Amino acid sequence: MNAHLRRTFYLFVAGFVSLVGMLAYWQVYARESLANNPENGLQTQRSIEAPRGLILAGDGETVLAKSVEREFNGTTVYDRIYPEGAPFSNVVGYWSVKYGATGIEIAENSYLSAVAGEPATLDDLINQVTGGPQPGNNVVLTLDPELQRLAYEELASSVTGRGAVVAVNPRNGEILALASYPSFDPNNIDETFPELAEAPDAPLINRATQSLYPPGSTFKVITAGAALLAGISPSDTFFDDGSYELPGYTVRNFQLKDYGRVTFTEALVYSINVIFAKVAVEKVGAEALAQRAEAFGFGDPYEDFPLPVSTSNLANTPPSGWTSGTTAQTAFGQGQVSTNAFEMALVAAAIGNDGKLMEPRLVREVRSPDGIILDKPAPSVRGEALPEETARTLNEMMQKVVTEGLPTAEVPGVKVAGKTGTAEAPPGEPHSWWITFAPADDPEIALCVMVENGGRADEAALPIADRLMEAYLKGGVE
Amino acid sequence: MTQRATTPMILALLVTALGFVTLTFSQEATSPPLIYGAYYAGTLFALYLWVRLLLPHSDVLLLPIVTLLTGLGLVMIYRLTFDIEGAENLATTQALWILIGSGAMFFIVLFFRNYHRLFDYKYLLALAAVALIASTFTPFGYEVNGARLWVAIGPVNFQPSEFARIALIIFFAGYLAEKRDVLAATSRSFLGVQIPALKYFGPVAFVWAASLGLLVFEKDLGSSLLFFAVPLLMLYAATGRIAYILLGSILFSLGSTVTYFLFGHVRVRVESWLDPWQDPDGTGFQILQSIFNIADGGLTGTGLGAGFSQTIPEVETDFIFSAIASEMGMLGATAVLLTFLVFVYRGIKIALLAEDDASKLLAFGLTAMFALQTLVIVGGATKAIPLTGITLPFVSYGGSSVVGNFILTGLLLVISEKAGRREVEEPVYEDSL
Numbered sequence: 001m002n003a004h005l006r007r008t009f010y011l012f013v014a015g016f017v018s019l020v021g022m023l024a025y026w027q028v029y030a031r032e033s034l035a036n037n038p039e040n041g042l043q044t045q046r047s048i049e050a051p052r053g054l055i056l057a058g059d060g061e062t063v064l065a066k067s068v069e070r071e072f073n074g075t076t077v078y079d080r081i082y083p084e085g086a087p088f089s090n091v092v093g094y095w096s097v098k099y100g101a102t103g104i105e106i107a108e109n110s111y112l113s114a115v116a117g118e119p120a121t122l123d124d125l126i127n128q129v130t131g132g133p134q135p136g137n138n139v140v141l142t143l144d145p146e147l148q149r150l151a152y153e154e155l156a157s158s159v160t161g162r163g164a165v166v167a168v169n170p171r172n173g174e175i176l177a178l179a180s181y182p183s184f185d186p187n188n189i190d191e192t193f194p195e196l197a198e199a200p201d202a203p204l205i206n207r208a209t210q211s212l213y214p215p216g217s218t219f220k221v222i223t224a225g226a227a228l229l230a231g232i233s234p235s236d237t238f239f240d241d242g243s244y245e246l247p248g249y250t251v252r253n254f255q256l257k258d259y260g261r262v263t264f265t266e267a268l269v270y271s272i273n274v275i276f277a278k279v280a281v282e283k284v285g286a287e288a289l290a291q292r293a294e295a296f297g298f299g300d301p302y303e304d305f306p307l308p309v310s311t312s313n314l315a316n317t318p319p320s321g322w323t324s325g326t327t328a329q330t331a332f333g334q335g336q337v338s339t340n341a342f343e344m345a346l347v348a349a350a351i352g353n354d355g356k357l358m359e360p361r362l363v364r365e366v367r368s369p370d371g372i373i374l375d376k377p378a379p380s381v382r383g384e385a386l387p388e389e390t391a392r393t394l395n396e397m398m399q400k401v402v403t404e405g406l407p408t409a410e411v412p413g414v415k416v417a418g419k420t421g422t423a424e425a426p427p428g429e430p431h432s433w434w435i436t437f438a439p440a441d442d443p444e445i446a447l448c449v450m451v452e453n454g455g456r457a458d459e460a461a462l463p464i465a466d467r468l469m470e471a472y473l474k475g476g477v478e
Numbered sequence: 001m002t003q004r005a006t007t008p009m010i011l012a013l014l015v016t017a018l019g020f021v022t023l024t025f026s027q028e029a030t031s032p033p034l035i036y037g038a039y040y041a042g043t044l045f046a047l048y049l050w051v052r053l054l055l056p057h058s059d060v061l062l063l064p065i066v067t068l069l070t071g072l073g074l075v076m077i078y079r080l081t082f083d084i085e086g087a088e089n090l091a092t093t094q095a096l097w098i099l100i101g102s103g104a105m106f107f108i109v110l111f112f113r114n115y116h117r118l119f120d121y122k123y124l125l126a127l128a129a130v131a132l133i134a135s136t137f138t139p140f141g142y143e144v145n146g147a148r149l150w151v152a153i154g155p156v157n158f159q160p161s162e163f164a165r166i167a168l169i170i171f172f173a174g175y176l177a178e179k180r181d182v183l184a185a186t187s188r189s190f191l192g193v194q195i196p197a198l199k200y201f202g203p204v205a206f207v208w209a210a211s212l213g214l215l216v217f218e219k220d221l222g223s224s225l226l227f228f229a230v231p232l233l234m235l236y237a238a239t240g241r242i243a244y245i246l247l248g249s250i251l252f253s254l255g256s257t258v259t260y261f262l263f264g265h266v267r268v269r270v271e272s273w274l275d276p277w278q279d280p281d282g283t284g285f286q287i288l289q290s291i292f293n294i295a296d297g298g299l300t301g302t303g304l305g306a307g308f309s310q311t312i313p314e315v316e317t318d319f320i321f322s323a324i325a326s327e328m329g330m331l332g333a334t335a336v337l338l339t340f341l342v343f344v345y346r347g348i349k350i351a352l353l354a355e356d357d358a359s360k361l362l363a364f365g366l367t368a369m370f371a372l373q374t375l376v377i378v379g380g381a382t383k384a385i386p387l388t389g390i391t392l393p394f395v396s397y398g399g400s401s402v403v404g405n406f407i408l409t410g411l412l413l414v415i416s417e418k419a420g421r422r423e424v425e426e427p428v429y430e431d432s433l
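Protein chains in written order, with this note's numbering: chain F, 1 to 478; chain V, 1 to 433.
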């Protein structure tokens, strides 16, 4: 009988070992994802009892979020304060015991929260073991606070007062500004949340990353990239008679113009739909067009980015099933194409950075309360959107868009490249887009401005970008 | 086995004291009346001396382990309830139950040193066990959270199944020891599985089915699982026939499928185990809170009193392990699991060293019950298996469970005394684990 007893004992031992395995799974492997789960209320409860870390802007000084002490029923509790308020709230987010958390507050919670992360320094460990108060770590963002504020104000005074601005450093992928309007004041979110959630202009939605819009003609830079790769040169000439008939669909130009014989560069400068549709259908093909869009980030959920990003999309069906009409409309960013300012800013940045798409980053570094660097992500290349030569060619074509077509976009003394988009969005007015980067030869900033239902690109979006660009390049901010 | 374990006893009591000191100083909890601490430490230490005196050859580590686990339970129960209105006195009530359990053990050690007499009453015990379980259907029984597990007689409320399980194990041990040869040597076969003659297997099957059936209808899932698995393991230990395990697994699958479709509460349990995110604020709430708290503990834990495990419903009974994992971390929780495993190891060792089949089976059955109960509730709290509401032996709050487990340990001690004495007289080396 003893052999049977021993065997059952081994069975029990196996059971206990698997339980330790379960513990390891929850307490080590799945720990962080559970701590950041929106259903998990422990972190908000903890924030009342211990101070969370600071959230700082890219200058390392501007405080975007901090915890302040307050006496309550004889014990110390902490309130979360957002000194910069609404202009930053779509990035920083809020931290509410009632309504959960959003933005950097939840994405970087394992650093910000007093004890959600493992002890990172010896001080942390000693504090934790002795049960002392454990302040969280400080998160420094990449945002340029002045540019962010200015972008927010510009959107506020735009035609419709609804839109988004995303600015990115093309060289290293740092997000310099990510503004959305209308926004909200995160300071009294517990009281205002129900009203904000019901508001018709959806202030809780981050328009820069979460909403999807047709990109209109800004998408032509991707089509142009695909066309250059398909062997078309900027000086190749095409004939535009004002329409391009396809089975079941006829392409026409903006405001029904016709341009006659033009070069490919001129087709981009004057944003000629007919020629882009023709090139996409006859020279590039659906597969190559979709492949190029993917290289630029379409279809990518950007899961490593701290803010939720709605995935940009070309069409509801894979390119193999597109009709020539779908390909034609996709070529100039209409039909089923949907994207946001975040993705289009990255498109501009990738072209400016000789075709290399950098990993977009919002967190520059994380420091412990006593200043020890805990995390400092290095710039990394996310992928090749275009080969270097092709990107340079496209860069020059985009400079011509400014020099030959849009003198208002020029910044004195600086070469600017860009592309307009006036995206039809019936029944409303078209969305107004402008993507740009400068200085074109060695860009320091890439921008995308989108004004929801703002009308013509050169009337709503472009002037905003122009002022932001000038402020950033001339104002000497960083 | 004549050595002493005074140091482990003192260490176990010190751990408990340290826990209360930490709570009092770092959480500013008002200290519970010191007199309860003195009672607790005094009783268990006296019990230890009493056992050493009366059963000098008995297993030496069981009582220090029981002391450590009950002490840890007191610390955790106190930590979880001292600031909850209406439940401030839960820890002192638990201390009282530990006193009663110690008393029960005292009497077992005193009167049942010749525990073989128990096997003479095995049929009576089986009858008593079934009657105990059935007693919840009498007017004395009442429901808590939809399960009819409780009986109130006068001022005393208790869960009869906690005591019935011990009576049943004694019955199975006595019966199987008597009939193990005829049960193992079978001639007939059914669907390729050899089955024993009904007249030998009948009593086992009847008692087994009766207790199980009643428990299922009381909606006591945890106990049903234990009452199913323990006799099955004992049957395997007695006969060594894997066929019983296979047959049992088939029966288990059939039974669980039937109960799954028959009972809504079983469906809810299984569904909230498979996908608690479907209803995170409803059926999935308890298990998700448990997981969040366990994860919150990380490797080293939040520190005693610094976690949020009070967010888990029923934390001081079914989910006390989650609170331990949260505040003492993976290291602390693993240490607690190892403590349970040492208890199981000692129990199996007692079974190995015991002289006769009935003693072996009794020690094994009691140990298996203890081991499975731990595995099932910790597995449930960590979402390894669906949740069934049973207690963590000695640690969870609960009078019947504490007293029942003291009786269980008492029986293991008297068996080990006999085995230990035999070992001193005629050492058996080949049987050590």
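Source of the hints: derived by calculation from the structure; they are not laboratory data.
In this text the structure is predicted, and so the values were computed from the model without any measurement.
Even for Gly, the Cβ is constructed at its ideal location relative to N, Cα and C.
Possibly wrong hints are sitting among the right ones.
Estimated spans, in silico, between C-beta atoms of each pair [stated by the list, open to error]:
#, chain 1, residue 1, chain 2, residue 2, range
1, V, Leu274, F, Ala425, 42 to 50 Å
2, V, Ile84, F, Asp190, 23 to 31 Å
3, F, Glu198, V, Gly154, 56 to 64 Å
query = Of the hints stated earlier, which fail here?
reply = Those not satisfied: there are none.
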